[in-house]
Structures are given as C-alpha cells and as structure tokens.
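Asker: Heads up: the protein sequence lines correspond to chains P and W, in order. Count the first sequence with UniProt numbering and you get residues 1 to 332, in order. Count the second sequence with UniProt numbering and you get residues 1 to 332, in order.
One or more hints might be untrue.
[Stated by the list, open to error] No more than 25 angstroms apart at the CA atoms, straight line, and that leaves these computed lysine-lysine pairs for DSS-like:
1. P:Lys261 with P:Lys311
2. P:Lys311 with W:Lys82
3. P:Lys82 with W:Lys261
4. W:Lys311 with W:Lys261
5. P:Lys261 with W:Lys261
[Said to hold, decoys possible] Covered by chain W, according to a simulated footprint, are these stretches of chain P (three or more residues, beta-carbon under 8 angstroms):
6. 110-123
7. 221-230
8. 236-244
9. 251-263
Hints were generated in silico from the structure; no laboratory data involved. The beta carbon of each residue, even a glycine, is placed where N, CA and C say it ideally should be.
Number of protein chains: 2
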Amino acid sequence: MELTLDGSTVRGGRQARERFYDSRGYGRVVDGDLALAPVEAAHILYRGDIEAIRDADSGDRLDFRDLLSSDLVSEIDVLVYKDLRDRGFYLSPTDEAGVDFLVYPRGNGPWDDTVAYRVRAIGERTDVPARSLGEVVLAVVDEESAITYLDTERPDIGGSTRVDPPRDVPGDLLEDRVLVWDPPTALYERGFYGQPLGEDGAPLQLSLLEAAFLAGRGVLTIDERTLLERGREVEGDRFDRRLAVYRALRDRNVVPKTGYKFGADFRTYADVEHVDELGHSELLVRVLPADHAFSPRDLALDVRLAHGVRKRMVFALVGDDIEWLSVTRLTP
Amino acid sequence: MELTLDGSTVRGGRQARERFYDSRGYGRVVDGDLALAPVEAAHILYRGDIEAIRDADSGDRLDFRDLLSSDLVSEIDVLVYKDLRDRGFYLSPTDEAGVDFLVYPRGNGPWDDTVAYRVRAIGERTDVPARSLGEVVLAVVDEESAITYLDTERPDIGGSTRVDPPRDVPGDLLEDRVLVWDPPTALYERGFYGQPLGEDGAPLQLSLLEAAFLAGRGVLTIDERTLLERGREVEGDRFDRRLAVYRALRDRNVVPKTGYKFGADFRTYADVEHVDELGHSELLVRVLPADHAFSPRDLALDVRLAHGVRKRMVFALVGDDIEWLSVTRLTP
Chain P
1 MELTLDGSTV RGGRQARERF YDSRGYGRVV DGDLALAPVE AAHILYRGDI EAIRDADSGD
61 RLDFRDLLSS DLVSEIDVLV YKDLRDRGFY LSPTDEAGVD FLVYPRGNGP WDDTVAYRVR
121 AIGERTDVPA RSLGEVVLAV VDEESAITYL DTERPDIGGS TRVDPPRDVP GDLLEDRVLV
181 WDPPTALYER GFYGQPLGED GAPLQLSLLE AAFLAGRGVL TIDERTLLER GREVEGDRFD
241 RRLAVYRALR DRNVVPKTGY KFGADFRTYA DVEHVDELGH SELLVRVLPA DHAFSPRDLA
301 LDVRLAHGVR KRMVFALVGD DIEWLSVTRL TP
Chain W
1 MELTLDGSTV RGGRQARERF YDSRGYGRVV DGDLALAPVE AAHILYRGDI EAIRDADSGD
61 RLDFRDLLSS DLVSEIDVLV YKDLRDRGFY LSPTDEAGVD FLVYPRGNGP WDDTVAYRVR
121 AIGERTDVPA RSLGEVVLAV VDEESAITYL DTERPDIGGS TRVDPPRDVP GDLLEDRVLV
181 WDPPTALYER GFYGQPLGED GAPLQLSLLE AAFLAGRGVL TIDERTLLER GREVEGDRFD
241 RRLAVYRALR DRNVVPKTGY KFGADFRTYA DVEHVDELGH SELLVRVLPA DHAFSPRDLA
301 LDVRLAHGVR KRMVFALVGD DIEWLSVTRL TP
C-alpha cells in the first residue's frame, strides 16, 4: 500500500481508504479513494503504520522527520492533532475561518455529523484577537510542547440585585475616592456600594467609579463631570471603559466590586439582598478595548487564577457596544 | 488640652505627650512636648479622642473631615496608618527614602529601637519601580479602600542539580523548537532538558531557550547564533533577557522549565536527581528589564497566583547583572 504526496494532499487507493478512513477516521473520501491532509499523514507516519510517503513530483520518499521539517505541515498542528488522538478523539482539518480542527465526540468520526469541539491550534507566542474568540477551543502549545485547552464562549450576564438608593446625597471628593459622611444605609447594605471606614458604617468610602456612576444617576450631589475628569486623570481612557462596564453590569442587576486582589477589574455578585448575607462572587471581569489581542500567556494567567479561586473569567470587550467573552480551562 | 497645627506639625504640651506618646505611641517628643505628624493627628481625630485641632495661622478649628480634605495628609496614608493601628501596632512616619512608616513589633513603640516592618503606602494606581523594592513592605490601598500587604525581599537563589550532558548531539530546528531524534538519556532524565514526544523518550523536543543554552555549552551541534536569531525573531529582546535568566538559574544548579501554565516565564526545580522523582517546583520566575515599574494590580495577580499554587513569586530583573526580587503576601 502506498501513500502519495500530490501537491498538498496525500492520496491513497481503496485499500488505504478502508484501513485509514473507514476504520480509523483519518482523511476524507474522494471518488472512493483516500485523501489526507499532511497533518494526518504525519500522524500515520509518526505511528509507524506507514514508513514513508512518496512525493509524486520528485519521487523522493518522505518519512515523519522529513515531513515535519518541510513546509507542508506546522509542528503546532502536528502536536495538537496527536494530543487529541491520544485522548481518544477522531478529528479532521477544516477550512472554517479561525478553526483548524473539527473534533468529533468520542466514538464518532468524520462519517458523522456531530462536532464536539472546534479547535484552533496556536503556539504560546501567537497573539489572539479577542474578537475572534467565542465559539472555538484554543489549543495552546507552550514553548516546551505541552498543550492547554481553553474554551471560549459568549455568555449572558445577569443578576437579581435591584436597589433604588435615595437621591441627592452629599459627599467629599478626595484624591482618589469619595467620602459620604452621612450615608443612607441602603447604599451599602442593599446596593453594596462602597466600603465603610468605621464600624458604625460611616463615613462610607466610594471608589471613583462608584461615585461617577451614582452621580450620573442623581444619587450623589457631586458633579458627575468633576468625577469623570478625576477618573481620567488617574486612569486615562481606561476609566471610561471601566465605567461603561460598571454601568452595564449594574444595568444587568449585577454588583461589580473591585477585582484588585485578583488582578482583575471587577469581581461580581449576581444576587445581593443584604451585605450581611453576601455569597461567593461568581465572576472575575477584565475590561479590555474591543480590538485587544491576547497573549496566550496572559490568558493562561487570568484563567488559572480565576479557576483557583472558583470564579469564572469573563472579558468585557468595549467598543461601540460591550461584548462578553468567557474563557475557561477545558480537559477534552 | 489643645493640639495646634504649626506648619505641617501638630503640637501639644506635656499633658498631651503623656496621653498620646507615653501611653499610646503617637508622635515624638520635642523638648518634653508632643509633636505629631498630620497622619497621626488625623487618627486621633478619627477616634474622637480630640474633637478638633487649632490652626495656628488662621485660628480655625479643624476636625477629621477638614484635615482629610486638606493637602496636609494623604487619604492613602491615613487608611494604612489606621489599618496598622487596628491590627495592634504602633508606628511612626519616617523620612527614610521609599518608606512611609516604621512599624514596631506588637508591644513595642517609638521609644524602642526595634522595627518589625518598613512600610510604603501606595494607591493601587501608583506604579512601583522594581528597583525600589527589596527591603520594604508595600501597603497597597485598592480603589475600594481595602489594603493588601506585600513583603519584598532579595533572596538567594540556588539548588543542587548538577548534570554534565554529552557533547555534539545533532538536532533539527523547526519553527519554534528543536527536535533531537536520538537523545542521550541524561539530557532529559538527569538534566530535565526538553520534553519527549513519544513514550520511548524520542524524539526529544527542546524549547528554543533550552536549545540556545545547550548549543552555547557545546551540547548541541546546531549553531548557537542561528538559535539566537530565531529566538529574537519570535520574541524580540525578551528572548535575550529570558536566556540570561535561564543561564543564571542553570549556573546556580536550578532547573528552569516553562512557567506558561502559570503565566510566568519559568517554574523552577532546585534539586533534580531524576525526572521520575521530581518534586514540586518551588519558584515562579518572571523576567523583567531592570527598569521595570510594576502596576500594583499586576503584582497582586502574580503573587496571588503563586500563593495559590504553593510557589514563591520571584522577579528576575535583568540589567548589567541579574537581581532577584521575591514578593509575597503578608498579614501583619
């Protein structure tokens, strides 16, 4: 049985089709014969099922090492293909935009219609545009050839925290926060706005974000514009992006609190009734401009940390609208 | 009893000295009388021990709110001072460069000579030059006024992993790694270089860093310069910095492996005898240029993650030499 390299396709006859496609899910069928992508042929060579393939142009015989050193196949694709095969999956290369492999559920193969994962294979040094994520699993090959899978989704964000704080509350703008000396109790206790300085609940310290939001809603008497200017002084454009996300979360009845201790912009509480009965915060939110490109290493750091503190990592991509992107570790 | 604001010092008489310095560790003694920094006076006012102080210039009476809104004291300093007092410490403002407060061991005070912590108080938006760290505790006040303490040290880094791999081993340079098709077993098993692709240990995949290091030592036959060029192509200057740190760690008999999964440059193993008996990796190392300034948020992320995986976070600051800086969470 011979496999022949024809341009960038590796071809085999009926017998090869039976052996590799029918019983082991490699390649696709063209006129009853077998057609393989180079990455599939590389795996067959790696396993030693075939010693070498014949290059139709030059007549040379290519083994695994030759194929891997050629431009026909990327080492990243070969490593991810092998890893998924080792995990018991059949998978096929695809032309779908932003996707390298369609991975079938265990027990299924290219002759079935169901897809378990759409996988994009990348090296750890390849930046990933945030906008290209949401319905794809990233398989990141690190510099030492270990592979991490990251599932990306576009989640709905929502909660049940409704609070209607009183209006026209005065406060003092300090350098980087606002102090409310005589705070209405609903502000902190029901809305989870701010942080009391003393044990008696006063004064209440509001962050610039909380203060700008509350001033915009008429709750604080401090001029909203003054707060926006101060915020931009200390944070630049980032302040506006964070405020947009803060507003969007409050509009969805979710309470954002600072995520500083987790290196994020916010941690969030979906269902606050009273601060004395706070549950575990569910999400870590990082605010990014919509055209952001992730370094896989930064992504790994965020996702790992969120996982370690039993929260879900969500990115808020701020452009004309806000898009939500969640990224979680996956073990296929 | 009256306290008087005189320039930027708050002064009291002998009775005030007895009450505040002798029995409660506020301020210092000048000619038998009491001298307080504004942050100390602010704490006394906050506690209500004194209602207001008198401004010697204007004759005005200033309460806690007035003092906090003035330029005499930063809210950051007030919050950190209060927090450390609440934790049972006496502390004094200091002129020492890069330090805001000397914190005495519990039970000691300004009349003693021992110092438990040198504390620098900063807001979460203040960048911190890496070079300024090493013998100071950072007290970071986040935007919602919670405080995190980070202890910084200059650790010695060393281990006991000694391996003398054979020379002149050939390999293939692929896009982003090197494959050694017939690897000497000591390379992986004793030196923990690379990652085998197959279960029989071959081929051995080396990262560009490992390959460049080994080529420089004559272990690989691939030209060192070719590897350096490839590394710079994919990582720029960062590759040279990382290689310098890789070399420094190997020279100290410590094994660096990729820290990708932890969002770091390296995780390290101090004492490798055989890869089958690997212990837990001890350090996470992030490589930075020596003139780097940390955003406290990034620092919080790194330190939190390292803590969560029971490793110590170490920064390698690369200038003419390599300086090591460790940062850990502290609960004073």
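Asker: Next step is simple, just say for each hint if it's right about the structure.
Answerer: Cross-check of the supplied hints:
no.	hint	in the structure
1	P:Lys261 with P:Lys311	holds, 13 angstroms
2	P:Lys311 with W:Lys82	violated, 31 angstroms
3	P:Lys82 with W:Lys261	holds, 20 angstroms
4	W:Lys311 with W:Lys261	holds, 13 angstroms
5	P:Lys261 with W:Lys261	holds, 20 angstroms
6	110-123	violated (count 1)
7	221-230	violated (count 0)
8	236-244	violated (count 0)
9	251-263	holds (count 6)
Checked against the numbered hints given earlier, the structure breaks hints 2, 6, 7 and 8 and satisfies all the rest.
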